[in-house]
Amino acid sequence: MRKEILSMQNIVKAYQMGDEEQIVLKGINLKVYEGEFISVLGPSGSGKSTLMNIIGCLDIPTSGTYILGGRNISNLTEKQLARIRNKEIGFVFQSFQLLPRLTALENVELPLIYARVSPSKRRKRAEELLIKVGLEDKMYHKPTQLSGGQQQRVAIARALANHPTLLLADEPTGALDQKTGKQVMKLFEELNNEGHTIIMITHDSNIAKHARRIVKILDGNLVEGVVENVY
Amino acid sequence: MFIESIKMSWQNISNNKMRSFLTTLGIIIGVTAIISLITIVQGLQTEITSQFAELGAGKIAVQAHGTPLKQGLSDNDMENISKIENVAGVSPNLTFISSAVKDGIVLENVPVEGKNHTFFRYNPKLVSRGRPFNILDMESKNKICIINYAVSQKLFFGEDPIGQTMQIGGTTYEVKGVINEDATSDVMSLMSGTGSDYRIIIPYTTAMGMAGIGSITSFEIYVADTDRTDEVIDETESILNQTFNFKDDSYRIINLDSLLDTMNTMNDMMTAVLAGIASIALLVGGIGIMNMMLVSVSERTTEIGLRKALGAEPVSIQIQFLIESIFLSLLGGFLGLVLGLTISYVACIAIGMTFRISYLAIFLGVGFSAAVGIIFGWAPARKASLLNPIDALRSL
Ligand SMILES: Nc1ncnc2c1ncn2[C@@H]1O[C@H](COP(=O)(O)OP(=O)(O)OP(=O)(O)O)[C@@H](O)[C@H]1O
Ligand SMILES: [Mg+2]
Numbered sequence: 000m001r002k003e004i005l006s007m008q009n010i011v012k013a014y015q016m017g018d019e020e021q022i023v024l025k026g027i028n029l030k031v032y033e034g035e036f037i038s039v040l041g042p043s044g045s046g047k048s049t050l051m052n053i054i055g056c057l058d059i060p061t062s063g064t065y066i067l068g069g070r071n072i073s074n075l076t077e078k079q080l081a082r083i084r085n086k087e088i089g090f091v092f093q094s095f096q097l098l099p100r101l102t103a104l105e106n107v108e109l110p111l112i113y114a115r116v117s118p119s120k121r122r123k124r125a126e127e128l129l130i131k132v133g134l135e136d137k138m139y140h141k142p143t144q145l146s147g148g149q150q151q152r153v154a155i156a157r158a159l160a161n162h163p164t165l166l167l168a169d170e171p172t173g174a175l176d177q178k179t180g181k182q183v184m185k186l187f188e189e190l191n192n193e194g195h196t197i198i199m200i201t202h203d204s205n206i207a208k209h210a211r212r213i214v215k216i217l218d219g220n221l222v223e224g225v226v227e228n229v230y
Numbered sequence: 000m001f002i003e004s005i006k007m008s009w010q011n012i013s014n015n016k017m018r019s020f021l022t023t024l025g026i027i028i029g030v031t032a033i034i035s036l037i038t039i040v041q042g043l044q045t046e047i048t049s050q051f052a053e054l055g056a057g058k059i060a061v062q063a064h065g066t067p068l069k070q071g072l073s074d075n076d077m078e079n080i081s082k083i084e085n086v087a088g089v090s091p092n093l094t095f096i097s098s099a100v101k102d103g104i105v106l107e108n109v110p111v112e113g114k115n116h117t118f119f120r121y122n123p124k125l126v127s128r129g130r131p132f133n134i135l136d137m138e139s140k141n142k143i144c145i146i147n148y149a150v151s152q153k154l155f156f157g158e159d160p161i162g163q164t165m166q167i168g169g170t171t172y173e174v175k176g177v178i179n180e181d182a183t184s185d186v187m188s189l190m191s192g193t194g195s196d197y198r199i200i201i202p203y204t205t206a207m208g209m210a211g212i213g214s215i216t217s218f219e220i221y222v223a224d225t226d227r228t229d230e231v232i233d234e235t236e237s238i239l240n241q242t243f244n245f246k247d248d249s250y251r252i253i254n255l256d257s258l259l260d261t262m263n264t265m266n267d268m269m270t271a272v273l274a275g276i277a278s279i280a281l282l283v284g285g286i287g288i289m290n291m292m293l294v295s296v297s298e299r300t301t302e303i304g305l306r307k308a309l310g311a312e313p314v315s316i317q318i319q320f321l322i323e324s325i326f327l328s329l330l331g332g333f334l335g336l337v338l339g340l341t342i343s344y345v346a347c348i349a350i351g352m353t354f355r356i357s358y359l360a361i362f363l364g365v366g367f368s369a370a371v372g373i374i375f376g377w378a379p380a381r382k383a384s385l386l387n388p389i390d391a392l393r394s395l
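Taken in sequence, the protein lines are chains A and B.
Take the first sequence: its letters are residues 0 to 230, numbered as in numbering that gives the first Met the number 0.
Take the second sequence: its letters are residues 0 to 395, numbered as in numbering that gives the first Met the number 0.
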């Protein structure tokens, strides 16, 4: 039986807007197993990013139980959550979120710094990762000297730095043209084939097809989609 | 981790050179002011203290004008005072203005001081050539004198004055010695302020015999054990009270040691007041730093959010911003230190004072700027550490 990475039970997320309460997630149930590649589909404003923030321990649900790697997230301190984000989760954002003043290499090193990895090991690991994403000749480039696709590959390398158990990508191809978007999706597929568990948010069903499992958020509820044949 | 924070701070500061410089200006001014004020005031204080130690340590100055019936003191009264316990010696001050003549060269308005052998015993470096007066000179009221360099230059130009004669107020005196060229004037003559370049000393007994001077109205008491100066003053007071029949304002006693204490206290107070004023500049500088740090935090909201998403603990974020503000104010402190030392060096040379680096000033300058960095960087750093990563990331 495959190892369960996370399980969500009846996750509710509500935002208080003045005296009006907006319930974005109305009781999400989700189990993710090791090695899965899941696409989360849904219209704009449906709560996809909200869900991903909760999965990534950046946000806390209003109610419900979220178990990640066997721990109940609501019982953890800020410091423990930071450690989980650092070691167990790799984030990939739509707008890449690279620090503009740092080189590609230094950007990839950031999570390793917070994991207190020694400078020499850090450098070695960052180089490995940039080679893996095909940027061996761009290590000392600043983000502004890289194309969008290259920037996103640096961001993916960064997300992989501490061997996370879960890769979270929020519209990773949203800022890319179709061709580079496909290249990035290919990289995700390769990573999934190597055993990485990936949850990817998108509102593009063509992109979603790259995943092996599709879930949809509709009206604050999560429904399993059809696994269409991609390959 | 710590090293990374320092590196990042340095990068952020050097990326905003102009802004960083303007921000640290307040700190620079404050530290410059504190360092130069303290260095200069402390230098002055050391200077004054050493001059006082040279001139007035262990000395009590007495001015005894007396009463209409008894003006000043006689030799006998002086004798009584010198017998007080713990008194090492008594030296009268007689000063009158006279003329000095040699071979037709006339010097008018020359202050002539009558001194005894005790005076020379307590000012051993005063006479650089020739000899000082001894007790025999006093007893036999010798017509001898000791002149200073200015008098020697005028009256004995190009000659050795020792052993030669000159006229003081019409009487012939033999020159026995020359005053050390860089000897500072006696405190009392400094205070009476004759302002003359010329200086002639004759035996006080000789001076007493001259017209118009019948008694001693000013003298100094040399105290053996300075810890018991107060007892000597009490005794002197009781003798003078009896001599002058307890008449008010008949005498005045000045303890030069306590005068020095007073001056030092005044100096310390002045330092404190000036440093207080300078710290206002430092405070303003601190507010400048705080402002810049707040701007920096809001500019880097996304960066902070990202760092948190990548696993930075709130403490790491706080430390990073705190290091940045300490770095910034230490930078200002260092520039202020260099500037302050330069200014005080120039000022010392201008005043003609020896320049001494004051470690207190350096300690205060560096300490204050570090403290400003911590105090005024705290709130912005805390604000950064508490930022919600989602809000921070959403802002892009
Ligand atoms: N901090 C917040 N305060 C109030 N409402 C919020 C907050 N964050 C999100 N929301 C609301 O929650 C809803 C879901 O937002 P979310 O960002 O999760 O949508 P999304 O599915 O990611 O949309 P998109 O595809 O456009 O990225 C939106 O209606 C949004 O207004
Ligand atoms: Mg979204």
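Errors might be hidden in some of the hints.
[Stated by the list, open to error] Examples of chain A residues toward chain B, derived with CB under 10 Å: (1) Gly17; (2) Asp58; (3) Ala81; (4) Tyr139; (5) Pro142.
Source of the hints: derived by calculation from the structure; they are not laboratory data.
Glycine included, each C-beta is placed from N, C-alpha and C at the ideal position.
Against the structure, the hints come out as follows:
Annotation: A/Gly17 was flagged as interfacial toward chain B, and the flag is violated, the nearest CB pair being 17 Å apart, outside 10 Å. Satisfaction of the interface hint for A/Asp58 is found here, the shortest Cβ-Cβ separation to chain B being roughly 5 Å, below the 10 Å cut-off. Residue-level restraint check for A/Ala81 holds (minimum Cβ-Cβ distance to chain B is 4 Å; threshold 10 Å). A least Cβ separation of about 16 Å between A/Tyr139 and chain B goes past the 10 Å threshold, and the interface hint is therefore violated.
Hint status for A/Pro142 relative to chain B: violated, with the closest Cβ pair at about 12 Å, above 10 Å.
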